[in-house]
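Participant: Single-letter residue listing:
4 protein chains.
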Amino acid sequence: MPKDASFSKLVMGLIGPGLLPRLWGQKLNAAQNDPIKLSHMLLTTRGEVSGTAIADHILTLLEGLSNAKLLAFFAALRDDFEVDQEAVQAALDRVKINDPKGLQALQMAAEPPRQELFRRLNAAPGGTGRLVALRCKLLKALRDDPSLSPIDFDLRHLLRSWFNRGFLMPARIDWNTPAAILEKIIAYEAVHAIDTWDELRTRLAPQDRRCFAFFHPAMPNEPLIFVEVALTQGVTGNIQEILKPARSALAAEAADTAIFYSISNCQAGLAGVSFGAFLIKQVAADLKAELPGLKTFCTLSPVPGLARWAKSQGYLPEGKRPAPETLSSLAADYLVNAKDSAGRPLDPVARFHLGNGAELHRINLDADSSAKGETQSLGVMVNYLYDLDTVEARHEAFAASGTLAVARAIRSQSARAKPHKPEPRTQPE
Amino acid sequence: MPKDASFSKLVMGLIGPGLLPRLWGQKLNAAQNDPIKLSHMLLTTRGEVSGTAIADHILTLLEGLSNAKLLAFFAALRDDFEVDQEAVQAALDRVKINDPKGLQALQMAAEPPRQELFRRLNAAPGGTGRLVALRCKLLKALRDDPSLSPIDFDLRHLLRSWFNRGFLMPARIDWNTPAAILEKIIAYEAVHAIDTWDELRTRLAPQDRRCFAFFHPAMPNEPLIFVEVALTQGVTGNIQEILKPARSALAAEAADTAIFYSISNCQAGLAGVSFGAFLIKQVAADLKAELPGLKTFCTLSPVPGLARWAKSQGYLPEGKRPAPETLSSLAADYLVNAKDSAGRPLDPVARFHLGNGAELHRINLDADSSAKGETQSLGVMVNYLYDLDTVEARHEAFAASGTLAVARAIRSQSARAKPHKPEPRTQPE
Amino acid sequence: MPKDASFSKLVMGLIGPGLLPRLWGQKLNAAQNDPIKLSHMLLTTRGEVSGTAIADHILTLLEGLSNAKLLAFFAALRDDFEVDQEAVQAALDRVKINDPKGLQALQMAAEPPRQELFRRLNAAPGGTGRLVALRCKLLKALRDDPSLSPIDFDLRHLLRSWFNRGFLMPARIDWNTPAAILEKIIAYEAVHAIDTWDELRTRLAPQDRRCFAFFHPAMPNEPLIFVEVALTQGVTGNIQEILKPARSALAAEAADTAIFYSISNCQAGLAGVSFGAFLIKQVAADLKAELPGLKTFCTLSPVPGLARWAKSQGYLPEGKRPAPETLSSLAADYLVNAKDSAGRPLDPVARFHLGNGAELHRINLDADSSAKGETQSLGVMVNYLYDLDTVEARHEAFAASGTLAVARAIRSQSARAKPHKPEPRTQPE
Amino acid sequence: MPKDASFSKLVMGLIGPGLLPRLWGQKLNAAQNDPIKLSHMLLTTRGEVSGTAIADHILTLLEGLSNAKLLAFFAALRDDFEVDQEAVQAALDRVKINDPKGLQALQMAAEPPRQELFRRLNAAPGGTGRLVALRCKLLKALRDDPSLSPIDFDLRHLLRSWFNRGFLMPARIDWNTPAAILEKIIAYEAVHAIDTWDELRTRLAPQDRRCFAFFHPAMPNEPLIFVEVALTQGVTGNIQEILKPARSALAAEAADTAIFYSISNCQAGLAGVSFGAFLIKQVAADLKAELPGLKTFCTLSPVPGLARWAKSQGYLPEGKRPAPETLSSLAADYLVNAKDSAGRPLDPVARFHLGNGAELHRINLDADSSAKGETQSLGVMVNYLYDLDTVEARHEAFAASGTLAVARAIRSQSARAKPHKPEPRTQPE
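Protein chains in written order, with this note's numbering: chain S, 1 to 429; chain F, 1 to 429; chain W, 1 to 429; chain E, 1 to 429.
No wet-lab data here; the hints were simulated from the structure.
Check before you lean on any hint, since a few could be wrong.
Each pair may be met inside one copy or between any two copies, as identical chains are not told apart.
Each computed DSSO-like pair below joins lysine-lysine, with the alpha-carbon atoms no more than 30 Å apart [to be verified]:
1) Lys-137 <-> Lys-311
2) Lys-37 <-> Lys-137
3) Lys-69 <-> Lys-101
4) Lys-339 <-> Lys-311
5) Lys-101 <-> Lys-137
6) Lys-244 <-> Lys-320
7) Lys-288 <-> Lys-244
8) Lys-101 <-> Lys-372
9) Lys-184 <-> Lys-244
10) Lys-96 <-> Lys-140
11) Lys-311 <-> Lys-184
12) Lys-96 <-> Lys-37
13) Lys-320 <-> Lys-339
14) Lys-339 <-> Lys-101
15) Lys-140 <-> Lys-101
16) Lys-372 <-> Lys-184
17) Lys-372 <-> Lys-137
Work the whole structure out from these sequences, hints included.
Facilitator: Okay, here's the thing in C-alpha cells:
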C-alpha cells in the first residue's frame, strides 16, 4: 500500500469523475455545484466511498469560490447548521424528568450539526490541512462580520481536540530536512526574516544552531510552529551577534546556554490552538537530555510594543531615542507596569513568555539594529528565562493572580520613579 | 529529537519523581493517591509540564486499581463530572433572549467536564492507547452497571473524533513487518486462529497472500483492525483450501479474485468506532490499483449464528446435520429472512457485510471442517461480494430501507417453501 | 546502534587522542607526523582498533599536507610500495616448475603493497570518500608528473571494484530530498548551471521534471552522478524551452518523450570509473516502468567542440556564425566525420552517447542561446536517441568496429559535398 | 525509483525473455545453456544491459546445475580462466628493460581472468549474495578436490575487498526487527540453539538483552554475523542462568557487565573473510557509549575441544567426569598449554578470543548443563575478557609471538603439576 495512499485519491483515480453522478443520480446532479446542498447531503450519506468523494468535492468547490460566494456559504453554515433550540428545550425537559437518555439527548441537541459536517469533511484527502486553510479564510471574514463567530467556535473546538498535545510530533529541522519543508521555514519565519537559502543554512547547519518544529500526523509536510535556537557560552543579548553570517561555530558540547531567538507560528488557520509554550518547554527538556552541559534556557526577544507605548506616553517628543539610562528604565517600566484591559502585560511577547512562566531576566540596549528592531523596539531586546524547576509554578501564579516573574534588578528599576519625561506639554504659552 | 520522544517521558526522566510534590506542594501531596481528586486538579491546572505529569500519574493509578476501586472511580466520573443542569437552563435562557454568546454558552454547559478530562489525559505518554485500554475496562463494567453509559457516551464521542477516517494510516503487514507487531496479529486473529509463527508465515509470506491493517499515529505499534486476503483464480468456497500449509503459491499477477477470508478487530476498547467497512473498501481499491488483473473482490465468511438458529427453529432434531439440499435451503432462509429486533439480518457477519453494501453471493457447504466451523456454522461458509460499482448504492439502500443485496439463486432458494422440518414434536406418544 | 555510527569515530571518542601513543608507544611516537612511516606501520599492524585509528590519522595528515609534501608522499607511494621484481621472478620460477602454490604467489607478488594500503585506509571513518578525494589530488599531480601513474593504476583498480555496478544505489532527487544533497546538485551541475534555489526548484518540483542519481553505500550523502530529465510531448530541440522558469507543467502521464537534458559527474576523484551509460539506461528503464506512455528516450546535448573545430577548419573566417543551411551541414560533418587519433568521434559528448549505443538523431539550430552555447556549440544542440531495443547491439558495434548509429537524414547530409568554405585563401594573387 | 529496484530485474521485466537471443543472435543461442561459453562471452561483452542479463543467466544456470556439472564448471574456471604464464614472462621482461608500462602489464597479466568474471557476475540482481552462495558450494567441492583452490583464492580475494570493514553496516537486532531477518537469526544461531520464536523473544525483547549484527549494503536482508549480549551485574559464569525463560529483567542502566554469550557466523560462503573480532569490539564500544555504567566486557564461551582432548590424554578413563578440582586444572592446562601444529591454542574458541587480544579470565565448572555442553566441554565454560585498553596490544603480542593473556590464577593453576591421571594403564594384572 503506497505510503501516502489516501483512500479517496485512489477511489477517485479508479472510479473517475463519473462516480458521484453514478452514486447519487439526479439528486446529486442537481446539487453538484452547490456546496450548501452538498453539505446537507454529506450529513446524511452513509457510504464511505461516496462520503469521502463528496467531502473532497465540497472542499474543492469551496477552494475555488469567490469571496462573496464564500461569505454566503459561511452564512449558511451559521444559520442552517445551527442548534435547534426547541430540540434542546425538549432534551432538557427529558433530563428534568430523569429520562435516563436525557443527558445524552441534550448533548447531541446542543452540538450544532456543522461540527459533524467538519468531521466528515476531514475524511477528504488532505482534509485536515484543508480545514485549517478554510478556517484561515473564516478568520478573515470574521473581522468584518462578527456574527460568523459561532462557526469558528465549533471549528476551533474540533481543531483543539485534533491538535491535542498527545498528537503533536516534534521534529528537528536541519540541513538534512527536505527542501519542501525548508522552503516553508523561510516563508513562515516571522521574527527575523530569512532572505536566502544561504542565510537559512547559517541557521540550520552549524553545530551550535538548532531548529525544532511540531508536526501533526495528518499534515506531515506542514510545520505547525518552529523555534530557532543558538547554543552559546553565557547569555547573549544581541541578535546581530547571533545572526552574523561569518562565525566560527561553537562545539555543541561546549555550550552552557540555549538561546531561543525566534519562534514562529506557521498556520494562521490554527490561531487560538496554541503550541508555543509546549514547544519551548519540550525543546528545553530535549536539549538538556542531549547536552547535559546546558544550564540556562532563555529567549532573546523583541519588545515590539515599546516604541508605540513610549510615544503614546509622551516619552519620545521628537521621535528621538532617549539616552541609554532612560531607555532602560522606560523598557523596565513598560514591561512590568504597562497592562492591557485584562490586566495582563501590554507587550504581546512579554505576555506570551511571562504567561508561560518564564522570568523577565535581562533588558539589552542596542540589541537589534535592524530597521524593524529600531522602529518597534527602539533597539531593545529582552531575555526571558525558562527555568525548568520554577516555570510551572510561575505559570500557575501568573494565571491565578497575574503575578509576573521579574529579575530583582529589573523589578527595582521599574519600581523607581518614572523616568523624567521631557515635559513636552509645559510650554503652551 | 529522538523519534518517539514523548515530552512527559523526558520531563519525568529529567525532573524525577519529586516533580509533582515540588510543583504542587501540600495540595498535591494530599491528593496524590486519589485519582478523583487528581482529576479535579487536572481540570484546573494550566501548566504543560505539570498537566502532563498529573495525567500520567492518574492513568498509572487507574491501571493499578482493584476492580472495586475502579468502579468507584467510574461512579465519580459519572456523578461528579456530569453536566450541570442549571447551567444548561441558564444558558438556554440566554439563547432565548438572543444573547449573542448564548449558544456557545449552551454548548459548553451541555458538554460534561469529563470530556475535557479525557482530552487532558490524552496528553500523557501513550495517552491515546491508555484511554482505549481504560474504555475496555469501562465496557466490561457497563455490562453489570448500565448507569455508567454516560461515561462511555463521552469517551466514544471523543474516540470517534480522534479516530476519524482522515487520521487512519493503512499499512501492509507482511513477513518484513517487525515481530513486535506480528505477535499482535497472532494474538488478535479472531476468525481462524493462528497457532504458530510458521502458520503466520504461510499467511504473510507467499506472494498470493496479503494482509493489511489500519494504524493510528498515536498508537503506532498497535494495529486497530486487519484483514487477510488470498489472491486466487476464481472464487474459492473452502477455508481449508486457503489455509493449507503446503501449497504452491500463485503469481500475484495471475490472480483474478481477491478473497477476504478473515477480518479481526484488535482493540476491544474501540468497539463502536468502526473501521471494518472502510478497510475492506480501501484494500479492494488498493489491490485493484496494484494488480489490474483482479476482477472480483469477495469474502469467505462463516455463518456463526446458523447452528443456534436452526436448533431454535427445530431443524436439528438430534443435533444431526441435515442433508446438503436441506442445509443449503436452511442457510439461505436464515441469511435472507431471519432478522433481529431492529429488522436487520440476525447473523452478525451477514449484518456487517450486507450492511456495508456487499452482496450475498454464494453459499458453500462443507466449507469449514474445523470444530468451530462445524459447531457454529454447520460447515457452511458464505462469499459476500464487494462490487466497487454498486457497493455504495446498496449500502445506502440497506441503511434507508433494509434492502439486502442477494444473488438471484439464493434469493429464489430462500423464497421457496421452508425446508421440511423433521416434525420433532409429533411423536410424543 | 546509531545508524551512521562508525566504529572508529566511537572508538576515538571513547579512548581519546591518547590512544595511539598508548597502543604503540615509542615506535608510533617517532612516526606520528610522518604519513609514510605510518603507512608502513599500517601494513603490518593486526589490530582492528589500532588499524582504524592509524588509517584515520594518516588520512587526516594527508588532508592537511602542503602540496610539496603531498608530492613527496606520492613519490614514496610510487617507489616504496611498488612490486618487488625479484619476488615476481621467484614466483614465476615456482610456476614454471609446477609448484602448486606458484600462481598464487605470483599474484601476490605482482600486486603492489599500496593496494593493500588503500584497502586498509578505507576502514577509516568516511574512508571511501576520503580516498576518492585523495585520488582527485593525485590526478592533478599526475598532469605534471606522469611517473605517478602506477599509483593511479592501483587506486583506480580498487575503486572500480568497489564501485562495481552491483553496489550502486539509484535514487530519485526531488524537492523532498534533503537540502544537504540538493546543494551538491547545484554545485556539481556541469552542463547548464543552476544559479539559485528557485532555479533548482523549477528543475525538481514540477511533475514533468525528474532527476536521478547514483549513490554508493559508503558515501551516502554524496551523489556520484546525476541526470536531469524533462517529460515532454514530442522531442524538444531547444534548451531554453526546457529551462524557462514560467511554464505550466505537463501531467506526467500525458508525456510520450523523456529528454535527458543534463548529465553531470560529481566526483572528479572517480574519473575513469564510469557510470553514465548505466545511469541513462537504468533511468530509461525505470521511467518506462512507471510511465508506460513514454515511447521515446533521448538527450538534448551540446556540441561543445563544434566552434573550435569549425574555426580550425577555416569555416568561420571572421568568427561569424554561418548561415543555417551551412551550419547544419557543418555540424553533421563534424559529428559524423571528425575523429580523434583513436578513430572515435572528436566531439566528447558525441563520443559518449554514440559510444553508449545511442543514435545521432536530430541536429537543432538556434537551440541554446546562452553565452556558453553560442561560444562552444554555435547555438547547436543534438538529440541522441536511446532505443532500448537496439542500444546494446549498437554499443557493441561501436566498440567492435567504430560504427556510428546516425539517422538517415544526418548521414546523407554529412556525406554530401563539404559545405562550401568561404575560400579565404583564394585572394593572394 | 522503487527502493530495491535492480536494473536487470527491470530490464528483464521490460524486455522479456527474448532479450538475449535478440541481442546476441546465433552466437548466444549456441551458448545459451552452457555456463562456460557464456562466461567467455561475458568477459568480452561491453553492453550494460546485455552484460547484466548474461550475468544473471549464468548465475541462474549455475544455481540449477547438478553436482557433477558444477564440478565441470569449476574445473573450467580453474583451467580456462587461469593466468597465461607466457604473458607474465613477457610482461616481466618488459619490466626488466624498464618499459614504463611494464609493471601494469605485469599486474594485469598476473590476475587470472576469472577475477574479472566474478566482478561482472556481481552486477546481476542480487549478485553479491549469489556469489557468496556459489563460494559455499566451491568450498564443499574443495574438500574433495584441492586443485580447485586457485578459484577460491581469487574469489576470497574479491570478497575480502568488497566486505572491507569500511563497508560493513552494524545494526541492532531486536523485537522490532522484521520477521524475515529474525527467522535467519533462529536458523543461524550456532552456539546455543533457538528452538522457538518465544525463545527468540526472551533473547531480544528484555531490556537487559541485546543482539547486534553486521550487514553488507549489497545483501541488506542477510545478516553476516551476529552476537548476543546479556547485561548483568557482575560476571556470570553459567549459561542456563542467562537463557532461563522466566527472569525479571534488569534495568539496562543498572548493569555493570556485558556478557557476549553467543557469536555466530551466518554465511558459510564468507569463511575466511572474518568479522568476528571487529564486531565484538564495535559492540563493546557502542554499548559503552550508550551505557556508561558498563565496566566489564567479557564472553561466556564453551570449551568445545576439552572432552576430546582430555580423552586423548587419558584423563577420562571411563568417560567419567573428573572431580571439580581436577577438572579445573585440566581445563586450565588444556586452554593454556595445548597447542595446534602452528603453535596456537588447540581449542578453536580460545584461539579466536585469545587471538583477538582478550584475556582468559575465568573458568566456570557446571556452567552448561546442556547435552552438547556436557559432551564437548564437560560442563565447563570460560569468560574471556575484552579490556578496551589492552585488547589491541595483546592482539599484537599474540600475533607477533603467540603470547596469551591469561589471568594470574589460571596461569598458576596451569603451570602447576599436571593433574594426577588415574593411571588406567597400570592395572593390567
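Participant: I want to check one pair: Lys-101 and Lys-137. Are their C-alpha atoms no more than 30 Å apart within a copy, between two copies, both, or neither?
Facilitator: Intra 39 Å, inter 22 Å, cutoff 30 Å: inter-copy only.
Participant: When no copy is named, should Lys-184 and Lys-244 be tagged within, between, both, or neither for a Cα gap of at most 30 Å?
Facilitator: The answer is both: 22 Å in one copy and 24 Å across copies each meet 30 Å.
Participant: Could you figure out if Lys-101 and Lys-372 sit no more than 30 Å apart (CA to CA) within one copy, between two copies, both or neither?
Facilitator: Cα proximity of Lys-101 and Lys-372: none, with 59 Å in one copy and 39 Å across.
Participant: How would you classify Lys-244 and Lys-320 at a CA-CA limit of 30 Å: within, between, both, or neither?
Facilitator: For Lys-244 and Lys-320, the Cα distance is within 30 Å only inside one copy (27 Å; across copies 50 Å).
Participant: If the cutoff is 30 Å on CA atoms, where do Lys-96 and Lys-37 land: within, between, both or neither? Let me know, please.
Facilitator: between (36 Å within a copy, 28 Å between copies)
Participant: As a check of your reading, is Lys-69 near Lys-101 (CA-CA no more than 30 Å) within one copy, between copies, both or neither?
Facilitator: between (40 Å within a copy, 26 Å between copies)
Participant: Is it within, between, both, or neither for Lys-339 and Lys-101, if the alpha carbons may be no more than 30 Å apart?
Facilitator: Answer is between; shortest inter-copy Cα gap is 26 Å, intra-copy 48 Å.
Participant: Is it within, between, both or neither when you check Lys-140 against Lys-101 at 30 Å Cα-Cα?
Facilitator: between (40 Å within a copy, 20 Å between copies)
Participant: With identical chains treated as interchangeable, where does the CA-CA distance between Lys-311 and Lys-184 reach 30 Å or less: within a copy, between copies, both, or neither?
Facilitator: Neither. Shortest intra-copy (36 Å) and inter-copy (51 Å) distances fail the 30 Å Cα cut-off.
Participant: I want to check one pair: Lys-339 and Lys-311. Are their C-alpha atoms no more than 30 Å apart within a copy, between two copies, both, or neither?
Facilitator: Answer is within: at 16 Å inside a copy they meet the 30 Å cutoff, but 80 Å across does not.
Participant: If the cut is 30 Å between Cα atoms, do Lys-137 and Lys-311 qualify within a copy, between copies, both or neither?
Facilitator: Result: close neither inside a copy nor across copies, 34 Å intra and 63 Å inter.
Participant: Should Lys-372 paired with Lys-184 be assigned to within, between, both, or neither, using CA atoms and 30 Å as the limit?
Facilitator: within (22 Å within a copy, 35 Å between copies)
The structure does not agree with the numbered hints 1, 8 and 11 stated previously, though it agrees with the rest.
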